[in-house]
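Based on the sequences and whatever the hints tell you, model everything.
These protein sequence lines map, in sequence, to chains A and B.
Under our numbering, think of the first position of the first sequence as 1, with each following residue one higher.
Under our numbering, think of the first position of the second sequence as 1, with each following residue one higher.
Don't read these hints as lab results, they were simulated from the structure.
Take these hints with a grain of salt, some might be off.
If chains are identical, the list can't say which one is meant, so a pair holds when it fits in one copy or spans any two.
Here are the simulated DSS-like cross-link-like pairs (lysine-lysine), alpha carbons at most 27 Å apart as the crow flies [unchecked claim]:
#1 K46 with K119
#2 K310 with K292
#3 K217 with K276
#4 K74 with K292
2 protein chains.
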Amino acid sequence: METTRRSVLMGAAAALATGGQLSSISPSPAAAPPAGKQAPGFYRYKVGDYELTQIVDGSFTVQSLDGFVTNADKAAVNAALEAAYMPRDQLTIIFNPMVVNTGSKLILIDSGYGAAGPKTAGQLQANMAAAGIDPKAIDIVVISHLHPDHINGLVGADAGILISALGNAMPAQDVAYWMDDGNMSRAPAGRLADYFKNARRVMGVVSSKVTKYEWDKEVAPGITAFATVGHTPGHTSFVIASGSGRLLVQSDVTNHPALFVRNPGWSAVFDIDGPKAIETRRKFYDMAVAEKSLIAGFHYPFPSLGHAEKDGTSYRLVPIAWNPSI
Amino acid sequence: METTRRSVLMGAAAALATGGQLSSISPSPAAAPPAGKQAPGFYRYKVGDYELTQIVDGSFTVQSLDGFVTNADKAAVNAALEAAYMPRDQLTIIFNPMVVNTGSKLILIDSGYGAAGPKTAGQLQANMAAAGIDPKAIDIVVISHLHPDHINGLVGADAGILISALGNAMPAQDVAYWMDDGNMSRAPAGRLADYFKNARRVMGVVSSKVTKYEWDKEVAPGITAFATVGHTPGHTSFVIASGSGRLLVQSDVTNHPALFVRNPGWSAVFDIDGPKAIETRRKFYDMAVAEKSLIAGFHYPFPSLGHAEKDGTSYRLVPIAWNPSI
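Here is the structure:
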């Protein structure tokens, strides 16, 4: 019965898709060239009295998933990708910094890759311009942790703009980790060693502008930092509260939700302490589910906002509906 | 245990959200004014060689849901809204026309409200301009059915622009229904009678430009119309096929997915033949699930694209991930 019903519709639709029968409408004079360009990646919304803007810095497609999830085999990872209607054997990771306008302060949370990253990233400043946000008007850049996709935008070709901000607020615990020579000497060659070098390169440029913040305090009006360690030893999330509005900024508690919200027990290769990151992730999502909190995720698909629901021992991210009028 | 873990994190986060402790970062010179304006609502993607653009015409918030779902009580509707993290007792309905550039033809599917609709709609032409699409370059406007949010943009204040297109292709069966005097005379006063008057008002202006299309034929290169009746007697969906790419354009097989994809047996007040619309909906979604088809929905949250998965006797829409680079 099911099949029969489907066949009826498929007969109508699929057969025709290759029918090639042209309509009776006469040909047009000239073809419009394809635009080839995506819409500017920003999205505006309110949390209480605050006006927030999610801003895309771009994306990067990991072309081989060998070893990307350190504790699941490739077949399981591909099954998760297929369940999310995403292509197998690759993963497009998006980068979503955000701007908070409190009415008296303009705060950027994380800086994106800037010029020092994949060529499909580094769009933050162009998208800020599209959103009508002047980088020079930013008062504070708050950094969640010192991975390159979060700090590289502070320096490089466009360096002058963001570091002219009043201050770069960085988590004291993460700065301590990356600047510790012992930690660096113990990092195996490759990704982690490169991240140490990169963190020090950036700190070398911006250190005089850096204010180190502690957890469980406001880093800016209405923006409270709290520890969500594991991804990095000083990894930080935020609560943004204004009036009755409330937003959890998870930072990198998960990488792509189709893999790590759906499978909270999986570890991405970027997680420095995998088991700790998993413990943190479950605490964070249990809280978010119980509170029905709106969550912003740096690696959630743009506009990178959603709510989490429990699904057995796992979770599911329900993306928000785009509001055309804010 | 669950509670304890949560409390730990909540202690860190929630208590602090009201802590009011200011950071050590000094005050900024001047505050940036809020922008108060959403990003332009368009989204670009490829289906085979075709370049498609979803374009927002705006939205309308139904302020009372009394009678909105004709065969479910308000408590059930509110439960569905809450399950989707949406506000109770109201529903924001979005309008998403789309443009298909085949390389030789520029086709608009449905015209939005234009100037004759709620003041939160009628954004199509502004968003087309933002997307770099010249309305005068449109070759064909294909209409799925003759409800006001799909045809009103053809006339009114901006009338001249869209009706300068080579043709407006309308489903023969729907035109026949709305132009039949007997049908009109039997329509009860109120919404349905108003829709008859509106359809005739629009047809009065554009009829010389209208080409009536039949189902199971191409209405434009690669765009095949097929019957999905019930919502209206001539309601039409489309398959867009180019190379190996394929897209199902559902039109109004469902209104908001949080209500009617999740509850396919519910009827919206707009469905002229509720039971028939339900039967069509199940056929359409069974096909889309089996085929893992990408679906565009006129009333899906922007960018109004997703895949459907089966969930018991119901379905769930999985929105696509925004691609920042197309």
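Here's how the hints hold up against the structure:
1. K46 with K119: between (31 Å within a copy, 21 Å between copies)
2. K310 with K292: both (11 Å within a copy, 24 Å between copies)
3. K217 with K276: For K217 and K276, the Cα distance is within 27 Å only inside one copy (22 Å; across copies 58 Å).
4. K74 with K292: For K74 and K292, only the inter-copy Cα distance (22 Å) is at most 27 Å; the intra-copy one is 32 Å.
Checked against the numbered hints listed earlier, the structure breaks none of them; every hint is satisfied.
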